Amino acid sequence: MPELPEAETIRRQLLRSVRGAVITETRVLHRRMTRNQPRRPSLRALTEGRRITDVGRHGKMVTLTLDPPATLLIRLGMSGQVLVCRDDAPPGDHTRVRFRLRGGEELRLDDMRMFGGVQAFPSADPAAIPPLAALGPDALGLDFTREHLAATLRKRTAPLIALLMNQSLVAGLGNIYANEACFAAGVHPLRRGGDLRRPDHAALHNAVRRVLAEAVRLRGTSMRDGLYRDLDGAPGDYQRRLRVYAREGEPCLRCRTPITRARHQGRSVFFCAKCQR
DNA sequence: AGTTGGACCTGACTGC
DNA sequence: TGCAGTCAGGTCCAAC
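Our numbering applies: residue 0 is where the first sequence begins, and numbers increase by one.
Some hints here could point you the wrong way.
Claimed, not checked - So the derived label-pair ranges between C-beta atoms look like this:
hint	residue 1	residue 2	range
1	C254	S41	50 to 58 Å
2	D87	D236	26 to 34 Å
3	G248	G103	47 to 55 Å
4	S267	R196	23 to 31 Å
These are computed hints drawn from the structure, not numbers from a lab. Since the model is a prediction, treat every value here as computed from it, not as a measurement. From the three backbone atoms N, C-alpha and C, an ideal C-beta is built for every residue, glycine too.
Work out the full structure: start from the sequences and follow the hints.
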C-alpha cells in the first residue's frame, strides 16, 4: 500500500528516469482521476509543453516540479502505480492518465481502485499548493520532532492509530506503518493520544523514524494482493519485516503472545496485547 | 474543534 | 460452477 516509503521509492526512480523530460501530451482516460482539478486552469494547460525539473515528495504525495513553473501532484491512493514506458505500449486495463514525453517515452498512472489522482497547480511553491500546505510535517523530515509529536497528541481523545494516520498532523503514515511504529514503540495503538507520557513520545517518535527509514531502504511493502509495485514493476521487501501488520494469531516476535486484531473505524488494528500497553 | 462513520472503488477471496 | 457477501484502505464529507 503506498505510504511514505513507497512514495519515496517512486520519487527516487522518477528522478532518475524523467527529470529533464518535456511533457508533450496529457491524456486522461478516466475522469475520476482528475476529480480535484478545476476546469481552469486545466491539467493539460498546466502540463503540456513543460519540462520536469525536479521530483519531490511530502508524506505520501509525489510532486513533479515543472518549467514554466507549475506543480504536478500525484496521489497513489491505495492501488496507484506509476510507470515509465514507450509511448506506443498499449495501455493496461487500469491505465488512467498518460503523460507523453518528448523522445518517445511516456509517464503513466495506473490505478485499479481509483482512490488516487493527479492535480496540477500554476506554481512551483509548495506553500501555494493547498493539498501540500494542509499536510503536517513529513514523518522523515527535520520538522517532525519529538516535541511536535508530543504537542500533536496533547489533549487528544482519539486513538493513537487514528492520530498517526491523520495527514494534517504528521504526513506519511498509513495503516501498515502506523501499526508497525506502535509495536516498535511498545505503545498500544488504541490508547487515547492525550494519555501518552514523555517516555512514550520519545519511543514513538524514534519508532516512526526507524520503521519508515528501514522501509525506504527495502523499497516499501508489497502484500499478497500485489497492489504495490515500483516504477520497474518490482515489489518491495518490507513485508518480510512486518512484526504485527496482517499477523493476527501469529506469535509476537518478542514474547510469543498471539497477535491481536481489533477494528477501529472499519480498519484493522494489529498489536501484541502483552508488549503494547 | 475534535471525533466518528459512511461513501467511494474494484478485484480477490470465502462460504454456501 | 456460480453467486452473494466480505475485505482492503486513503481521503473526503456529513453529522454529532
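Handout entry: Hint numbers not upheld by this structure, sorted from lowest to highest
Key = none
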